[in-house]
Structures are given as C-alpha cells and as structure tokens.
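Protein chains in written order, with the numbering used here: chain V, 1 to 127; chain E, 1 to 232.
In case anyone wonders, no lab produced these hints; they're calculated from the structure. It is possible that part of the hints are untrue.
Stated by the list, open to error - Simulated coverage check for chain V against chain E, where a stretch passes if three residues somewhere in it have a Cβ under 8 Å from a Cβ of chain E:
1. 15–21
2. 72–86
Said to hold, decoys possible - Below, a sample of chain E positions facing chain V; criterion: calculated Cβ distance under 8 Å:
3. PRO94
4. GLY159
5. ASN160
6. ALA192
7. ARG194
8. PHE198
9. VAL228
Stated by the list, open to error - Label-pair distances were calculated between CB atoms; the ranges are:
10. V:LEU106 - E:LYS14: 53 to 59 Å
11. V:TRP102 - E:ARG126: 56 to 62 Å
12. E:ASP15 - V:TRP11: 41 to 47 Å
13. E:ARG194 - V:TRP60: 34 to 40 Å
The beta carbon of each residue, even a glycine, is placed where N, CA and C say it ideally should be.
So the chains spell out like this:
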Amino acid sequence: MQATRVRPNGWEWVSWLYMRVSAVLLLGLVLGHLYIMHVINSTDTIDFAFVAQRFATPFWRVYDLLILVLALSHGLNGLRGIVNDYTRPGGGWRLVWNLGLWTVGLVFTLLGALVLFSFDPSAFARR
Amino acid sequence: MKVHVRIKRFNPEKDRRPYWADYEVPTDPFDRVLDVLHYIKWNLDGTLALRRSCAHGICGSDAMLINGRNRLACKVLVKDLGNRITVEPLRGLPVIKDLVVDMEPFFAKYRHVMPWLVNDEPPPARERLQSPEERARIDDTTKCILCAVCTTACPIFWGNGEFLGPAALVAAHRFIFDSRDRAAAERLALLAERSGAFKCRTVFNCTDACPQGIEITKAIQELKRAIVLSRA
Chain V
1 MQATRVRPNG WEWVSWLYMR VSAVLLLGLV LGHLYIMHVI NSTDTIDFAF VAQRFATPFW
61 RVYDLLILVL ALSHGLNGLR GIVNDYTRPG GGWRLVWNLG LWTVGLVFTL LGALVLFSFD
121 PSAFARR
Chain E
1 MKVHVRIKRF NPEKDRRPYW ADYEVPTDPF DRVLDVLHYI KWNLDGTLAL RRSCAHGICG
61 SDAMLINGRN RLACKVLVKD LGNRITVEPL RGLPVIKDLV VDMEPFFAKY RHVMPWLVND
121 EPPPARERLQ SPEERARIDD TTKCILCAVC TTACPIFWGN GEFLGPAALV AAHRFIFDSR
181 DRAAAERLAL LAERSGAFKC RTVFNCTDAC PQGIEITKAI QELKRAIVLS RA
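Between the sequences and the hints, there should be enough to build the whole structure, so can you do that?
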C-alpha cells in the first residue's frame, strides 16, 4: 500500500461524467448559436435592435448563459485535469493553479451573467 | 549481419549521469534483441546489467525501451529493427543500474487494487464453478504478465506517479469482473479516487505497447462505466 495514498476523494467520476454531458449539451447549443448568428443572420446585419429584440424574452438570455456556464466550466475542468496530471498532490503549484482556475471561472461567469441580465434596451432608448 | 547497438547505461556508484555506450555485435537476423544483449554481456562487457528470466515472453522480466518503443527484449527480432538498435531502461521508474529499473512503485500500485480473490462465502463441496461465459468476461485481462510495459508507456504515469497506471487497472478489472469475487464495490471505490481510473485520458499507448495484446484502454473504459453506473 505504500507509494499510493488512499484519499477520500470519490468525486472524480462526477467530473468525468460532467465533461461528457456538458460536451453533448454544448454541441447542440453552440451549433444552434452558430446557425442563428452566422447562417440565418450574419454579423453584417446584427445590430442593437436585433440584440434588443432577442433579449426581450428570458429564453435567449438563459440560452446564452447556459452556453457561457457550460463552455467555461468544461474548459476549466479540462485544464484542472491537466494541472492535476502535472503538479504534485498537496503541492503549492497545484493550489496556485486551482485557485487561479476557480477565480477565472467565477469572475467570468459573474461578469457574463451581469451583462446578460442587466441589459435593458429601454435604458438606451430614453437617451 | 553486424548491428550497431547503443545502450543507455548508468552505474550509480561510478556515473554522475547516464551515458550512451556503443557496441558492434555480429548477429543473425532471426536473433532476438535479448540474444544481442547476451552477446554484449558475455563477450564484450560483463558489467552490463539487465533483467531476464524465461526469455520466452511470459515472465515479463526483460521489458525495456527498444528503438523508442516499450517491448520485451525476448520478443523482438533483429530483422525487424534493422542494423541500428537503441536500448534504454523503462521510463517513469527509477533506474537501479543500466537496464534494471526499480519495480517497487509499480508493484505498490498493483497491490493497492487488491489483486487477489475475495470471497468469504463458505466454499462449496467441490469448487467455485464458473461458466465459460463468466470466464470469457475476464479472458483478456487475465493475460497480464506484469511486465510494466503499459504503465511505463503511459504519459499520465510519466507526468504524475500518483496515477495507478494501466497494469494495476487491468489487475483490478480481472477481479472486479470475476464472477467468483465479492469485493468489486471495494475495488471500484479505490478506482473512483483521483489517482484511479478517471486519470486515464485514453491515449492508447498502453494498448499499443502490451506484448500480450490486451485491450487495456477498453478494460479501463469498462471500469469507468462500472464506477459511474454504481454511483449514479
């Protein structure tokens, strides 16, 4: 039993399953996003009015938030896997990297959510 | 046929770092690399250290890095390598001398997965019978000879020694899916930990390297599936 410590950490399978589930969800969500933004419409025709109309219902705000949360967490979880592969368990570098990944994840999730849900077209219309 | 052999050598009592030694060896194309190493040890330089036992690909002692790939020296013919042969010790395990590596970290991980039959039920009158179908379930993973070729071919193991490695996972598979065994849940719990099955990134180096042809990556995926299904 030497060399390999038994650690009471049984959550790695959740992370593994999450990567697969989020990937499948992202496949649908991102392809839908690309189709709407770049096939039906194009970046030449998308303007303020388009976004205002799109965000008039909560559906598209939740849709975009879902993409943001899933893509960010999927990517960061992948990086976490790499960090855990190449840093020592219980070491300083692993802690620094993981804290960094969590910080990036939280900051960008909050920032994105703030932009999505504080957007108010009427506030601009009044000017 | 003469072959040029380069061997990465290291004697911890004399050398500060490993160095390359070159040998010219007369061989037959149908000689094995092990025969070439024997020729060097017996005729050119008796200080060369290597492990081998049965010399017929079943004891798993003479695993080494031959022309950049993990193989058993007794299972590779000179004719398949050409006239330049490079031999190095296995990667990821500490070198004791020349081609001899310290296998203890490898066997510690093997012992960790409880590689023995666990069954506290009273033994039946004759024996614990197994149907041909039940036996077929573990047919592939029972072939493991513990040569460490797979584990020392795994980049995740190179990067991080905490990973149990393919060989230990193969051993776990062999008992978890054995119809006579009763400790599957306990072993699956061990494999669910951070250093266990989910550290496998399906690189397939182990499957490519295995001298027994075991479908190792497939076995590891079956373990992941079993863990997820038992928890979810």
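Each hint, compared with the structure:
| no. | hint | result |
| --- | --- | --- |
| 1 | 15–21 | holds (count 3) |
| 2 | 72–86 | holds (count 4) |
| 3 | PRO94 | 12 Å, violated |
| 4 | GLY159 | 5 Å, holds |
| 5 | ASN160 | 5 Å, holds |
| 6 | ALA192 | 5 Å, holds |
| 7 | ARG194 | 5 Å, holds |
| 8 | PHE198 | 4 Å, holds |
| 9 | VAL228 | 5 Å, holds |
| 10 | V:LEU106 - E:LYS14: 53 to 59 Å | 55 Å, holds |
| 11 | V:TRP102 - E:ARG126: 56 to 62 Å | 59 Å, holds |
| 12 | E:ASP15 - V:TRP11: 41 to 47 Å | 45 Å, holds |
| 13 | E:ARG194 - V:TRP60: 34 to 40 Å | 38 Å, holds |
Of the numbered hints given earlier, the model fails hint 3 alone.
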